[in-house]
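Chain by chain, the residues:
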Amino acid sequence: MNNRLKVLRAERNWSQAELALRLDVSRQAVNAIETGKHDPSLPLAFRIARLFQKPIEEIFHDTHE
Amino acid sequence: MTPTSEDVREERPTTLTTAMLSVALGCIALVGVAGTVGVVKALISTDTLWGPWASKTTFALLVNVLMAIVGIGGLLWLKPWKGSGTPVSRATRRTNALFALSGVIGIPGALALAHATTTREQPFGIFSNSPVSPGIAIFAVASFLLAMAIAWWWYYSADEHERKAYDFGSLLGHGLFITVTPAWWIAARAGLLPQPDAMLLWCITMAVISIGWFWRRYR
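As they're listed, the protein sequences go chains A and B. Going by our numbering, 11 is the number at position 11 of the first sequence; the sequence numbering is gapless. Going by our numbering, 56 is the number at position 56 of the second sequence; the sequence numbering is gapless.
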């Protein structure tokens with residue numbers, strides 16, 4: 001699954017650690033999501049969507065589509 | 001202008017090598033300190049602290065002191081507790097604290113075991129299958145149960161990425177244990193291998209779990 005997390009983070013000039021702090025996850029978790037090594041669970045995906053005030057499908061894209 | 005991926009402030013996360021090295025150095029330091037304490041206690045109890053020492057005892061003391069120096073010195077040089085200086089989430093702080101707590105619990109356990117099992121005749125007694133007193137056994141079992149409770153607390157405090165990494169390591173360890181244990185048992189019955197050693201199996205399983213867990217977390 002692809003995502004725009006890195007770009008959205010850049011728009012707000014947040015570091016990975018700052019984003020991790022806002023999501024209450026580790027910096028490694030943010031790094032793994034950004035690099036596509038970890039697909040977030042639905043609850044975390046919703047938390048990310050709420051934080052960036054965007055629908056989930058604007059942040060995450062199914063690569064099979 | 002909308003920033004691109006390349007504009008994002010990147011940080012250098014803790015590497016797999018640093019994480020693995022920190023755990024390995026911690027284990028080496030713990031075994032070295034516990035072993036040194038055990039040998040010194042054995043020498044004191046036989047009133048031979050200032051000699052004469054058997055060559056086996058001298059060798060055991062040297063190995064243990066060297067392990068303690070390498071482990072503690074390596075940790076002081078690596079400073080794994082220092083972190084990157086960036087703020088961490090509440091969940092991460094909690095899991096880090098629980099991880100450190102589990103290490104702290106291991107210290108008195110290892111020291112007690114070394115104290116109880118090391119003798120002048122058996123300077124590496126901590127690694128043997130020699131009998132121990134019921135008091136030491138009860139203390140050890142209680143510390144294992146406490147460690148398990150902390151591990152569960154840690155697991156349910158960790159974020160989903162950490163849990164997935166740990167699940168992956170556990171799956172590898174589980175696969176190894178359920179394969180190697182019966183294979184070794186049947187091979188021993190056929191006279192191909194010596195009798196299975198539970199603690200050796202445990203050590204190998206823990207090493208595999210840690211490698212899989214850290215690889216998945218820091219890759």
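These are computed hints drawn from the structure, not numbers from a lab. Among these hints, one or two may not hold up.
Pairs of lysine to aspartate or glutamate, DMTMM-like flavour, derived with a Cα cap of 20 Å [unchecked claim]:
id: 1; chain 1: B; residue 1: K164; chain 2: A; residue 2: E34
id: 2; chain 1: B; residue 1: K82; chain 2: A; residue 2: E34
id: 3; chain 1: A; residue 1: K54; chain 2: A; residue 2: E11
id: 4; chain 1: A; residue 1: K37; chain 2: B; residue 2: D167
id: 5; chain 1: B; residue 1: K56; chain 2: B; residue 2: E160
id: 6; chain 1: A; residue 1: K37; chain 2: B; residue 2: E160
id: 7; chain 1: A; residue 1: K54; chain 2: A; residue 2: D24
id: 8; chain 1: A; residue 1: K54; chain 2: A; residue 2: E34
id: 9; chain 1: B; residue 1: K164; chain 2: A; residue 2: D24
id: 10; chain 1: A; residue 1: K54; chain 2: A; residue 2: D39
id: 11; chain 1: A; residue 1: K37; chain 2: A; residue 2: D62
id: 12; chain 1: B; residue 1: K164; chain 2: A; residue 2: E11
id: 13; chain 1: A; residue 1: K37; chain 2: A; residue 2: D24
Hints, verified against the model:
no., hint, verdict
1, B:K164 x A:E34, "holds, 16 Å"
2, B:K82 x A:E34, "violated, 25 Å"
3, A:K54 x A:E11, "holds, 13 Å"
4, A:K37 x B:D167, "holds, 15 Å"
5, B:K56 x B:E160, "violated, 49 Å"
6, A:K37 x B:E160, "holds, 13 Å"
7, A:K54 x A:D24, "holds, 19 Å"
8, A:K54 x A:E34, "holds, 17 Å"
9, B:K164 x A:D24, "holds, 16 Å"
10, A:K54 x A:D39, "holds, 18 Å"
11, A:K37 x A:D62, "holds, 14 Å"
12, B:K164 x A:E11, "violated, 29 Å"
13, A:K37 x A:D24, "holds, 19 Å"
Checked against the numbered hints given earlier, this structure breaks hints 2, 5, 12; the rest are met.
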